[in-house]
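Engineer: So the chains spell out like this:
Number of protein chains: 2
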Amino acid sequence: MSPRTVFFVSDQTGVTSETLGNSLMTQFDSVQVQRITLPFLESPDKAREAVKTINAMGQADGERPIVFSTLVEDRLREILSGADAFVLDFFQSFLEPLERELGLPSAHATGRAHGMADTNRYDRRIEATNFALSCDDGGRVDNYGRADLVLVGVSRSGKTPTSLYLALQYGMFVANFPLTEDEFEGGGLTAALKTQHEKLFGLTIAPSRLEQIRQARRPDSRYASPRQVSYEVRQAEALFDRFGIPYLDTTARSVEEIASLSLDKTGLRRRL
Amino acid sequence: MSPRTVFFVSDQTGVTSETLGNSLMTQFDSVQVQRITLPFLESPDKAREAVKTINAMGQADGERPIVFSTLVEDRLREILSGADAFVLDFFQSFLEPLERELGLPSAHATGRAHGMADTNRYDRRIEATNFALSCDDGGRVDNYGRADLVLVGVSRSGKTPTSLYLALQYGMFVANFPLTEDEFEGGGLTAALKTQHEKLFGLTIAPSRLEQIRQARRPDSRYASPRQVSYEVRQAEALFDRFGIPYLDTTARSVEEIASLSLDKTGLRRRL
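Protein chains in written order, with my numbering: chain A, 32 to 303; chain B, 32 to 303.
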């Protein structure tokens, strides 16, 4: 099949439109897709320009594009509806039923999602990101008292991206600590981990996948050798079991999944 | 008004459901909302448990909850529809029209969005995150050749969270470099920046807001003083102008907005 062009249209960042549209398109495996985001369509001029871009792409493709739109203002949506495209309008479908349910008119105003609705929210995410960075890879264990969660696992099991994602997406304070031969040979948890025992959550990974990741990073090193990799994974899982640390296999999971499962399995509430 | 409980229900991470629901609820400013995510409802048992939770909350609130659902499987959706709640069903509303447009049945299968659809995508995000970390705050300028974008700005203008967000969300390779008195007094760009001139993008911020952010970090320091803050911001903007570096005011913007605008203004395509 020839690729189909998919547009994500928004009066703001396009994040909502991309998220919703990509979710839907994953249900159609066989369709090859070319993705274009058209964000910040805040004026009739920009909306008309977008319509031109969409129509031109449809002409070039020989098939009308699919457009996922989160435009809020009626006058902009009306312009977009003139495009020679298949438009799915997220707000049109849900805002009116919601208005009825709440017994309230909606603001019909641009720029509310992913806008800086309040400074507190921004500050929380930034603080959480700074926390994750300072407590990355075993840093600042003296700050673990402020942590919501401390991820533990061997090098390259997914700790750092998960910590950062949890900070940016949910405002969680997440530290991470690498398990190394220090723990495996000593057979115990270091003091910093012991005192925060109830905050610990383990990440593990299939040795074959870990080997692949480490090979890409340090080819043909001891660090990436099958022997070392399976030793570390075995030791880490034994340690999780011995100390009753809940853990998760990250092998076939996306960062979003690891993050969401970490919260789910520890019963933590999202802070944002 | 009493708070209304909003559930985000998903057979996967809940990211799509949260994005959709939060976007819609921002259109109803006056409604106080209590948010609960119920992710990973992958079995009829779990779906029935969710219905119980939703009903119990409705009883406690005295008002039926609002439920945003991205459940895909018919049997799970049917169970959820039995909840005493106002259910907005994302896939029901949009999958069928898309199926008609594409002339294809959808997979109706769980776990496609934010699942690990392919390893390449995962690897790209992890590599991008590692890149952002190693090139954070002026680190590894020798790696700028691989960068898609180099963010420049004074300390606490939003560079680090933006770099990380662009890595995690879009797989972009983004370095960041802090502008300090070295640049301001020398009046020029350091060699590492000069050679990557076309990749530079500036972030600036209102002095009053910067003062507030720095005060929270280092109260009553010279670093956070009104005089120092406005000196740095003025110098940074002068430098952007002198060298023709496009830039953005981050003051009233969310991380998503700064990230999306940075791509928009530089014409860079998202890599994921």
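Be a bit skeptical, because a hint or two may be false.
Claimed, not checked - Under the rule of at most 30 Å between Cα atoms (straight-line distance), these lysine-lysine pairs were calculated in the BS3-like manner:
#: 1; chain 1: A; residue 1: Lys230; chain 2: B; residue 2: Lys77
#: 2; chain 1: B; residue 1: Lys83; chain 2: A; residue 2: Lys83
#: 3; chain 1: B; residue 1: Lys77; chain 2: A; residue 2: Lys77
#: 4; chain 1: B; residue 1: Lys77; chain 2: A; residue 2: Lys83
#: 5; chain 1: B; residue 1: Lys77; chain 2: A; residue 2: Lys296
#: 6; chain 1: B; residue 1: Lys296; chain 2: A; residue 2: Lys230
#: 7; chain 1: B; residue 1: Lys296; chain 2: A; residue 2: Lys296
#: 8; chain 1: B; residue 1: Lys296; chain 2: B; residue 2: Lys230
#: 9; chain 1: A; residue 1: Lys77; chain 2: B; residue 2: Lys225
#: 10; chain 1: A; residue 1: Lys230; chain 2: A; residue 2: Lys296
Don't read these hints as lab results, they were simulated from the structure.
Engineer: Below or equal to 30 Å on CA atoms is what counts here, so check lysine 230 of chain A against lysine 296 of chain A.
Structural biologist: Roughly 12 Å separates the two Cα atoms, so the pair holds.
Engineer: Going straight from one Cα to the other, do lysine 296 of chain B and lysine 230 of chain A come out at no more than 30 Å?
Structural biologist: 42 Å, violated
Engineer: Would the pair lysine 230 of chain A and lysine 77 of chain B pass a check requiring their Cα atoms to be no farther apart than 30 Å?
Structural biologist: Roughly 25 Å separates the two Cα atoms, so the pair holds.
Engineer: Would the hint linking lysine 77 of chain A and lysine 225 of chain B be met if the CA-CA limit is 30 Å?
Structural biologist: Violated: lysine 77 of chain A and lysine 225 of chain B sit about 34 Å apart, past 30 Å.
Engineer: Does the structure keep lysine 77 of chain B and lysine 77 of chain A at a Cα separation of 30 Å or less?
Structural biologist: 46 Å, violated
Engineer: Take a quick look at whether lysine 83 of chain B and lysine 83 of chain A sit within 30 Å of each other, Cα to Cα.
Structural biologist: The given pair, whose Cα atoms are some 49 Å apart, is violated under the 30 Å limit.
Engineer: Is it true that the CA of lysine 77 of chain B sits at most 30 Å from the CA of lysine 296 of chain A?
Structural biologist: Holds, at roughly 14 Å.
Engineer: Quickly compare the C-alpha distance for lysine 77 of chain B and lysine 83 of chain A to 30 Å and report which way the hint goes.
Structural biologist: Violated: lysine 77 of chain B and lysine 83 of chain A sit about 47 Å apart, past 30 Å.
Engineer: For the pair we were handed, lysine 296 of chain B and lysine 296 of chain A, check the Cα-Cα distance against 30 Å.
Structural biologist: Given pair lysine 296 of chain B, lysine 296 of chain A is violated - Cα atoms ~41 Å apart, limit 30 Å.
Engineer: Does lysine 230 of chain B lie within 30 Å of lysine 296 of chain B when you go C-alpha to C-alpha?
Structural biologist: Given that 30 Å is the threshold and the Cα spacing comes to 12 Å, the pair holds.
Of the numbered hints listed earlier, those contradicted by the structure are 2, 3, 4, 6, 7 and 9.
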